[in-house]
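These protein sequences, in sequence, are chains A and B. Quick note on our numbering: the first sequence kicks off at 1 and runs consecutively. Quick note on our numbering: the second sequence kicks off at 1001 and runs consecutively.
Heads up, some of the hints might be wrong.
[As the list claims (entries may be wrong)] Taking lysine-lysine and the DSSO-like style, the derived pairs with C-alpha atoms no more than 27 Å apart in a straight line are:
1) B:1374 - B:1304
2) B:1374 - A:77
3) B:1387 - A:77
4) B:1309 - B:1374
5) B:1387 - A:152
6) A:152 - B:1384
7) B:1267 - A:152
8) A:152 - B:1239
9) A:77 - B:1281
10) A:152 - B:1257
11) A:77 - B:1314
12) B:1311 - B:1387
13) B:1185 - A:18
Derived from the structure by calculation, the hints contain no laboratory data.
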Amino acid sequence: MKRHRKVPFLHVAVDLPKMDIFLQQIINGLVQGSIYALVALGYTMVYGIMGLINFAHGEVVMIGTLVTITVATTLIKAGMPVAVAGLAGLSSAVLVCMALGWGLERIAYRPLRNAPRLTPLITAIGMSIVLQNVAMIVWGRNYLTFPHLLPKVNFEVAGANFTAVQVMIVVVSGLTMAGLVFLVYRTKLGMAMRATAQNPQVASLMGVNSNRVISAAFVIGSALGALAGVMVGTYYEIAHYQMGFMLGLKAFTAAVLGGIGNLAGAMAGGILLGIIEALGAGYIGDLTGGFLGSHYQDIFAFVVLIVVLMFKPSGLFGEKTGDRA
Amino acid sequence: MQAKLSVVALSVAAALAMTACGKKEEPKPATAPAAPAAPAAKPVIVVKLGHVAPMTGPQAHLGKDNESGARLAIEELNAQGLEIGGAKVSFELLGEDDQADPKQGSIVAQKLVDAKVAGVIGHLNSGTTIPASKLYSDAGIPQISGSATNPKYTQQGFKTAFRVMANDVQQGKSLGEFAAKQGVKTVAIVDDRTAYGQGLADEFKKAAEAAGIKVVATEYTNDKATDFKAILTKIKSTKPDLVFYGGMDAQGGPMAKQMKELGIKAKFLGGDGVCTPEFMKLGGEATEGNYCSLPGMPLEKLAKGPEFKDKFTKKFGMDIQLYAPYVYDAVMVMADSMKRADSVDPAKYLPAVGQTKYDGVTAMIEFDQFGDLKGGEISIYQYKGGKLEYVETLGGSAVGAVKEAAAEVKEAAKAVAGAASAAGADAVKAGAEAVKGAAEATKAAVEKK
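Please model the complete structure; the sequences and the hints are all you need to start from.
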């Protein structure tokens, strides 16, 4: 008797006002996820080609943000228009990070190319600590504020708020990822990369200079990292010499979630992780009846990661690489 | 050749990593400061004081601030050339980095205990101070924190634990009352799950509920986060008048900014952790018009405040972030206790710490039986035009004030008696005035209560 037809409709009516909150959480997650995806690409490119996890990548992102701050702030103070200063900051960050990525590979990884797998992993962690401390010495311990590079415009759609910066982040990430896919699948360098990824020895027998290809992967990955760093900076408007650590860890998780070594996987994993985190923080309290609060939001992301890895150990998009992992 | 170069580079990198990770302030080989050329100079003893704060990580700016406060105090003490137990004393600071991490806090605490320090200043965070206090207590080393405000620190029954700042029971209560006075009806509470943030948020919640404010949301973050959009979105759906944050500036600033971006109209309120210039720098215009609180009175209003500020800025070339004056006082209280006990032996001067009556930069420092600062007031500030503007001072436990006033009456009476016996007419008059003043103070305190 109580099962009246109207109940579902009533339900919808009650839930409707919450739709804006849900939409807002999706937007939050999408923006955060785009940043993760861009950083994850750096991990995945290097892993795909060399089977190495470059744990210093998060620090490259951090250096990108800090260089942009220094350059852009100096130029703005010198009276340059904000747009010019911003672009100059971005390009110098990209250049510095490209050089850094190249240097990292030369100093920390190339001499260990034939060493046991664990060795370069340890130098990677070592480089991460070195870079953090160098940044601490150069930029100090204080938080730095990122200059306003984009006008503060707020949009409201269906009760959800978002800013011009957020739109920019999603669009730029999308374009960059598309560009990268083009590079890898439609250019000669990309072909050389894919060949090296499949088998470095055979590729070099075919005339591919694998050292150059590996350097290129580091340089491109670092450039993406610099771009991600600038976006993190514009979004949160703060920077700190330790900001790369957590970001790197999350992006690494995203890359594993999507299937490390796979470009599409890194993108999907990043965006998925961002959205899972946002929804986790937003709804975990309601779902568990208040038993778990929003401080358990990371559980959400990692439970998903564990479940994915249990059923598909190579990640969502990962191919079976046999002895590679 | 190339391989060699890389090896060199690697070893340089490794060396860099080691120096960078290692503690920067390794105890220097005890350079007994030049007892100036007098051959008959008194013996010099070097007294090692430990100082612990996060020198790396998200709160490194506050840790540096604390350590600067301690260094300033140590330098002044050494310049004064104190004599304790017949020997000239030279203080030396062993700075340690606990990364605001409770595990690391205990590790460096053990290191200081092993180094046989005479006393410990710190730690900065309640979360690291509380576990470390057990180690200091076991070793009998006096510990004075200038910034750990969680009530639990002094409630563990350790005789060695002191703090020169009001605790969060006081602060949470004052903030709750202040919010009610501002006409707040509903509040969302966020804390960073550290001992400090959680403790402050809990005390605030109690006070707010007692004052009739409804808590509509309780959310959590951590002390390393930068993105709060998800929890703020959830808070937005509950439409509170106020968002209260128990945590530090590095999270509070971006949180205030993100509230604005999400179109949340609520005001922002926080405790000492967000009452810093850094908070305003990070939060930008979103902080404008909001409030925060600090234990004690504003520096400008204290007799020695402006002088300290000048000294500090001149010496370190940067503004005081937050706790530097409190840490400075903590060092001074420790040195003062050693002087009164005429010993630098922790076992001998520990009782003297409890009997401290020291006129510091931040307050008249006296401890109650738990090691808490007596009568701590809480001051409210407003963020205005990029500056912290003093609004009012609340609390200063009325009971404490009455007790103090009563003690003053007694003392004054004694003075009168003394003066009378000395038959100095002027002294009698002064004594009588003192009695009158003290009586008035008592009355005021009682009324306040």
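Satisfaction of hint between residue 77 of chain A and residue 1374 of chain B, Cα-Cα up to 27 Å:
violated, 48 Å
Take the C-alpha atoms of residue 77 of chain A and residue 1281 of chain B, compute the straight-line distance between them, and say whether it is at most 27 Å.
holds, 17 Å
Keeping to a limit of 27 Å between CA atoms, is the pair of residue 1387 of chain B and residue 77 of chain A held or broken?
It holds: about 22 Å lies between the C-alpha atoms, which stays within 27 Å.
Within 27 Å, alpha carbon to alpha carbon, are residue 1309 of chain B and residue 1374 of chain B?
Holds - the C-alpha atoms of residue 1374 of chain B and residue 1309 of chain B are around 24 Å apart, at most 27 Å.
Assess, step by step, whether the Cα of residue 152 of chain A is no farther than 27 Å from the Cα of residue 1384 of chain B, and give holds or violated.
Distance of about 21 Å is within 27 Å: holds.
Is the straight-line distance between the alpha-carbon of residue 1387 of chain B and that of residue 152 of chain A 27 Å or less?
At roughly 23 Å apart (the allowed maximum being 27 Å), residue 152 of chain A and residue 1387 of chain B satisfy the hint.
27 Å Cα cutoff - pair residue 1267 of chain B, residue 152 of chain A:
holds, 20 Å
Pairwise hint evaluation, residue 1387 of chain B against residue 1311 of chain B, where the allowed Cα distance is 27 Å at most:
Within the cut-off at roughly 20 Å; holds.
Would the pair residue 1374 of chain B and residue 1304 of chain B pass a check requiring their Cα atoms to be no farther apart than 27 Å?
With Cα atoms ~19 Å apart, residue 1374 of chain B and residue 1304 of chain B stay inside 27 Å; holds.
Verify the proposed pairing of residue 152 of chain A with residue 1239 of chain B, using a straight-line Cα cut of 27 Å.
holds, 24 Å
Run the distance test for residue 1185 of chain B versus residue 18 of chain A: straight-line Cα separation, threshold 27 Å.
holds, 22 Å
Between residue 152 of chain A and residue 1257 of chain B, does the CA-CA distance stay at or below 27 Å?
holds, 12 Å
The structure is inconsistent with hint 2 alone, although it conforms to all the rest.
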